[in-house]
Structures are given as C-alpha cells and as structure tokens.
Amino acid sequence: MNKWYNREFLLGVFIIFFAFAGVIFFIPFGIVVPDNSPQALAPNFWPLIVMYLVGFSGAAISAHGLADFLNLRDGASSSIFSNSSISNLNSDNFSFFEAMGRATIVIIAFFVFYLIIPFIGIVLSSSIMLVFLIYFGGDCRWQIILPIAFLLPLFLYLFFVHVANVPMPLGFFEAFQ
Amino acid sequence: MIENLTAAFFLFFSFQNIFIIFVGVFIGVIVGAIPGMTTVMGVALVLPFTFTMEPVTGILLLLGVYKGGLYGGSITAILLKAPGTPAASCTALDGFPMAQRGEARRALDMALYASCFADFVSNLSLIFLTTFLAAFALRFGPPEFFTLIVFSLTIIAGVSGDRLAKGIFSASLGLLLATVGLDIIYGTERFIFGNYELMSGLNFIPVLIGLFALPEIFNHYTKKNRTNAVVNALDNVGVKFSEFCSCFKSILRGSLIGVVLGAIPGIGAAPSAFLSYSEARRNSKNRDNFGKGEIEGVAAAEAGNNGVAGSTMIPLLALGVPGDVTTAVILGAFMIHGLRPGPLMFVENLDLIYAIFIGIMLSSLYLFVIGKASIRMISRISDVSNNLLYPIVLVLCVFGAFAINNNLFDVLVMIVMSILGFAFLRLDIPAAPFLIGFILGPLLEDNFRQSLLLSEGSYEIFFRNSICLVFWCLTILALVFLIRSNVRGNKVINSEEKGKN
Chain A
1 MNKWYNREFL LGVFIIFFAF AGVIFFIPFG IVVPDNSPQA LAPNFWPLIV
51 MYLVGFSGAA ISAHGLADFL NLRDGASSSI FSNSSISNLN SDNFSFFEAM
101 GRATIVIIAF FVFYLIIPFI GIVLSSSIML VFLIYFGGDC RWQIILPIAF
151 LLPLFLYLFF VHVANVPMPL GFFEAFQ
Chain B
1001 MIENLTAAFF LFFSFQNIFI IFVGVFIGVI VGAIPGMTTV MGVALVLPFT
1051 FTMEPVTGIL LLLGVYKGGL YGGSITAILL KAPGTPAASC TALDGFPMAQ
1101 RGEARRALDM ALYASCFADF VSNLSLIFLT TFLAAFALRF GPPEFFTLIV
1151 FSLTIIAGVS GDRLAKGIFS ASLGLLLATV GLDIIYGTER FIFGNYELMS
1201 GLNFIPVLIG LFALPEIFNH YTKKNRTNAV VNALDNVGVK FSEFCSCFKS
1251 ILRGSLIGVV LGAIPGIGAA PSAFLSYSEA RRNSKNRDNF GKGEIEGVAA
1301 AEAGNNGVAG STMIPLLALG VPGDVTTAVI LGAFMIHGLR PGPLMFVENL
1351 DLIYAIFIGI MLSSLYLFVI GKASIRMISR ISDVSNNLLY PIVLVLCVFG
1401 AFAINNNLFD VLVMIVMSIL GFAFLRLDIP AAPFLIGFIL GPLLEDNFRQ
1451 SLLLSEGSYE IFFRNSICLV FWCLTILALV FLIRSNVRGN KVINSEEKGK
1501 N
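Line by line, the protein sequences give chains A and B.
For the first sequence, position 1 (counting from the first letter as 1) is numbered 1 according to my numbering, and the numbering increases by one without interruption.
For the second sequence, position 334 (counting from the first letter as 1) is numbered 1334 according to my numbering, and the numbering increases by one without interruption.
Isolated chain A, as found in the complex (with noise of 0.2 Å):
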C-alpha cells in the first residue's frame, strides 16, 4: 500500500511543479498585458491568483499525502483514500498496467477517429469506432453490432442534417452528394 502514499505526495509534487511552470513560463508568454494597465485590472492578474491557489493546492495534497505515509509507517490507517479509489483496486479490475493499457488503446482510438473525421465523414468514422469498441468490449454478436454500427450514424447524421439544419462533415463523400 505504502506506493499508493507515495503517489498521493507525488501529485502534489507536480501540482506545485505545474503552478511554478505557470507562474514563471504560461502567464508570462500566454497573455498579453498591455502597458499601463493598473495590477488589479491587467489581463494576467486574475490567472495569477488562480495559478498561486493551484500551487497551496498541490502544497496541501503533498502535505496531506506526507502525514499519511507518516501515519502509516507508525501504523494506523489511513482516510484518506475514499471509496472510489479503493475500489478501483479490487479483484473485478485488470492489474494497473493492463488497465492502464486498455484505457489508452480506446484514447488512441478516439483520437484516431477525431483525425479521420475530415477524410471519411464522420458517419462512417463514427461506424468503424463503434464496431471497434463494442467488439473491444467483448461483444461479438455480430448480428447486433453490424445493425447498430451502421444505422446508428445514420440516423444521426439525418437527425442533425435535416431536422437540427447542422451540417455534418461528409469527408470524401461530399463529392457523392
């Protein structure tokens, strides 16, 4: 269990990490403060404020995570974890790596089908993710996912073209219309 402190004290590490970059690196070059703005009033002042409570924040998550590695060692439990992050721990689940894996393989799908949108339209993009994910879910009736895969997008597609008046990216099958 002791790693799972650790991460605790970890994210506050990099909280304070990513509130130092801000400070010194994403406020100066991202926003534009024009001269002579007063300090209360100038664009960067509120994303300042903002980003120095990101850095107590990360600050007390490493605090709290430290005090309860330290309570640990001297071996009493600890609260801090609640339900919904023990439970991701159970026996139901994948181990972390595999987990891990899996959820990044349908991140990489989506992403995939983000970028193909443009090419192919989003209704048949929309119908390869689907047979995709269902069948990676581990559903293999085909007799279902076929239907749904392809009428689904359909339907959506009519939905939003002619009853919504919202165009919808057609990809090389603008051409055919």
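Rather than coming from a laboratory, the hints here were simulated on the basis of the structure.
Do not take every clue at face value.
As the list claims (entries may be wrong) - So, partial list: chain A residues that the calculated Cβ filter (under 10 Å) puts toward chain B:
1. R7
2. G12
3. F26
4. V33
5. S37
6. A40
7. A42
8. N44
9. A99
10. Y114
11. M129
12. F172
13. A175
As the list claims (entries may be wrong) - Covered stretches of chain B, going by a simulated chain A footprint (3 or more residues, C-beta under 8 Å):
14. 1064–1077
15. 1169–1176
16. 1181–1187
17. 1190–1198
18. 1391–1397
19. 1448–1457
Positions of the beta carbon are idealized from the N, C-alpha and C atoms, including for glycine.
Fit chain B to the given chain A structure using the hints.
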C-alpha cells in the same frame, strides 16, 4: 383586471395553443436529454416555425421547449452521467450513483417531481412577484454579483467531501481554463498560443461531456467484469410520497434559490442548481451521503435548476432585459412579432401577458405528464448492456459536440477534457469542483474587475451596501460551518481508528 383576465382566456383557449405547449415541452425534453444539444439550440431551432404563428402561440412554443429542456438535461445526467445541460451536471452527482445502484427510476422520479414543483413555484413568482423581483434584481451591480459568486464558491467544499485539497485544485484548474480566450476588458489574448479557435474560450458542453461522461466510458474498458452497473432499474419502485415529503424542505429551498437567482440577469440555472445542492447538503442530516447517491441531492439540484424557469422571464417581461441566452432568443421572438417587452407591455398588451401566464402554468402540468411517460421509456436505457451502450453514448457525444458550433475543434476539446477527467477519476480528484470553477470563473473575474473599474481600484466597493455585507456574512458562516463539520468528521474518524487499534 377581470376584463384583462377574460381577454387573456379568450386569447389563450384554442386547441392550437393547448397543443403547441405540449409539443414544445416534448421537444424540449428530447433536446435536453441529448448530450450536446442545449436548450438554447432547441429554442433557436424552433424559432423559425413561430414566424407564421400568432404571437401567443409562438412564444408559448418557445417557452415549452425552454421548460422541457431544463428538465430533459437531467435524464441522461442520471442514466449515463452525460448531462444535457450545465445545470444538470449537479444532478449527476447523486443521480448517477443512484442509477448505478439500480435506483434509476427513483432518481428520475424525484428529479421530475422536484422539477415540476420548482417550475410551479417559479411560475407563481413570475405571476405575483414580477415587479418586486425585477426591482430587487436591478440593485445587483458587479460588486453584488461578485459577493454572490464568492458565496456560491463555498459549494466547492461541499462537493469535495473528504478530499478538500483535491477539490480546491480541481476548482482552481476550472477557474484557470475559464480564463482562456480574449480578455474582456482589454481584448488581449490569454492562453491562446496562436490558436484562433481558442479566442472565444472553451465551450461548456464539450468540457462537461468530456469531464463527466467519457471518463466513465474509458473506465469501463479497464474492468474485467463489465456487467451492467445498473440492474433492473424498472423493477424498483419510484419515489414514495414520504420520500418526497422528507426532501420537501430542500425542494422548497432550491425552488426559492432558483426564483431569486433566475430573476437576476446573467446568473443562469447552473449556479442556482449548485447553490441549492450545497445548501441542501449543509442542512441535511444525510450530508455524508451527498455525492454517493443521496436522493435529497437529486431533489435539491433539480429544484434549483428548474426554479429559474419562470423567474428568468421576470427581467424579460418587466424590464425587457433577457436573463440568459435562451430568454434572449425568446426576446427575439417577441420582437419578430412586433412586441417590445418592458414596462409598457404591461400597459399595452396585458391580455397577452396574462395569456402567456396561463400557458406557462399549463406547461408545468405537461412537464409532469411528459416526464412521467418518458421515464418509463427512457429508463429502459439502463437495461441495455454497457458493452453496447457506452460506444453508442461516445458516438452520440461526438455528434453533439460537433453540432454546437459545426466545428471539429469542440470534439478535440471534448477528447482532451475526457483524458483530464479520466486522470481525475483514477487519481480520486473530484470533477464537480472543476465544473463549478469553470462555470462561475468568468462571472467571478468579470464582476471583480468591473467593480474595480467602477471604484477606480478601491476595494471598498465590495462592502458598499447591505447586499454585499449579507453575502460576505453568509460566506463566513458557510466556511465556519464547513471547518467545524470537517473537524468533527476527523474526530469521529480518529476515534473509530483508536477503537479499531
């Protein structure tokens, strides 16, 4: 008065008017229930159909869509954790855990009852308190707004539970992302980094879908045993009368919060829902269950959400000032029909206003009927296998996110937010404070800076009148209460630990 009422009845009572409100509420519920489709979009879509209608008929159609949309957002929030509207994200906090426990029917029932009651209270306030509330709302300037939002931010502690430091981090990140775009005073770039798509800031809908719905879908694929979390949702009984009674105080409080906040232009339903939720949590004996599937949380959130439905019409009808984007579209409908809302309308078109009031009251009844019918049909979604349902929801979210601005960039925003949301889920960081920060952030900053512009840099403006002082006192009281309950909670935990050892 009697003459005007009689004229209003003659103006209102036609099959067309009675039917059109039904159609409006029905469309609104459907639009609200589709992630990505907002109430504003629904009202805007229906607007062209009103051009050829009588003014009363057209306006009632739009009002029906508006009211249906406010409730409809809660359906997918409860069943799929994919809120149809920003305000419904508060309903998801307790509604979705209830659905996961197989109590979707109870959550949907309570959401409907609370919505209808709050809608009814809001309509009454519109009819009887228009003049008073419009005058009160006019007293709100930037400093009053600022103090109100500061008070509203105490909700963060409420929704963070025992993870306050992480809640503050989450809210700060929300506040930070809300600053992306062009500066409101100087028009200079903030965190745009050369990407012109970011100039108008990040849209609410992709952010909240990405943060709430999609992480659940990613997480679904990390589990070996992917059976439905929702089990036989329809087999469970709905809300009992005694349960409604036990939540009544929170529903009434939420309705009144909605009425007051709805009457103030520019606030909207989301802060009202979160404030109502926070107050319910603060006053409930089941406060520890909030966020874990507490039915009172669903009731409070929905009451706050729908409590604004009638009262947002107050500044519109009494002053000609739209309270939010949806009422701005409705103002457009008034003008298309040659009507100019404001004090003069109460003199020149009183019969029309009364006819609208009658229609609005009828819409509450329709909301109940349509909601009750739709619960039976829609809660069948819970019976669909998650292996099929989640991919379908993901594709629906992509269509919805694209449809907001006809722009793939919103889909990209949704994906990025979903990765952030997934990280939050795995690291046990609460996502709700992020959303609160993201929604309230622009209001907080704009009013803070506008106040300082007004006072030429003097901070005394934030204590200028009784409204500001009341909100400061409420903020301090809320913080004291939170610190006390945290200290008590820690003492209980420590004593339990000592007992175990």
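How the hints compare with the structure:
1. Taken as an interface hint, R7(A) checks out: its beta carbon lies about 8 Å from the nearest beta carbon of chain B, inside 10 Å.
2. Given hint, G12(A) at the interface with chain B, holds; its Cβ is 8 Å from that chain's nearest Cβ, closer than 10 Å.
3. For F26(A), the interface hint holds, the least distance from its beta-carbon to any beta-carbon of chain B being 7 Å, beneath 10 Å.
4. Below 10 Å, beta-carbon pairs count as interface contacts, and V33(A) has one with chain B at about 7 Å; its hint therefore holds.
5. At its closest, the beta carbon of S37(A) sits 7 Å from a beta carbon of chain B; the interface hint therefore holds under the 10 Å criterion.
6. A cut of 10 Å between beta carbons decides the hint on A40(A): the least distance to chain B is about 5 Å, and the hint holds.
7. Taken as an interface hint, A42(A) checks out: its beta carbon lies about 8 Å from the nearest beta carbon of chain B, inside 10 Å.
8. Given hint, N44(A) at the interface with chain B, holds; its Cβ is 8 Å from that chain's nearest Cβ, closer than 10 Å.
9. Hint status for A99(A) relative to chain B: holds, with the closest Cβ pair at about 4 Å, below 10 Å.
10. A cut of 10 Å between beta carbons decides the hint on Y114(A): the least distance to chain B is about 6 Å, and the hint holds.
11. For the restraint placing M129(A) at the interface with chain B, the shortest Cβ-Cβ distance is roughly 6 Å, inside the 10 Å limit, so the hint holds.
12. Against a cut-off of 10 Å between C-beta atoms, the interface hint on F172(A) is violated, since the closest Cβ of chain B lies about 16 Å away.
13. Checking A175(A) against chain B by beta carbon gives a least distance of about 19 Å; that is not within 10 Å, so the hint is violated.
14. For a cut-off of 8 Å, the count of residues in the stretch 1064–1077 of chain B with a CB near a CB of chain A stands at 0, and the three-residue condition is violated.
15. Under the rule that three or more residues need a Cβ within less than 8 Å of chain A, the assignment of the stretch 1169–1176 of chain B holds, with 5 such residues.
16. Only residues whose beta carbon comes within less than 8 Å of a beta carbon in chain A count, and the stretch 1181–1187 of chain B has 3; three or more means the coverage holds.
17. As drawn, the stretch 1190–1198 of chain B meets chain A at 4 residues by the rule of a beta-carbon pair under 8 Å; at three or more, the given contact holds.
18. With 5 residues carrying a beta carbon less than 8 Å from a beta carbon of chain A, the stretch 1391–1397 of chain B meets the three-residue requirement, and the given coverage holds.
19. Here the stretch 1448–1457 of chain B counts 5 residues with a CB under 8 Å from a CB of chain A, which clears the bar of 3, and the coverage holds.
The structure is inconsistent with the numbered hints 12, 13, 14, although it conforms to all the rest.
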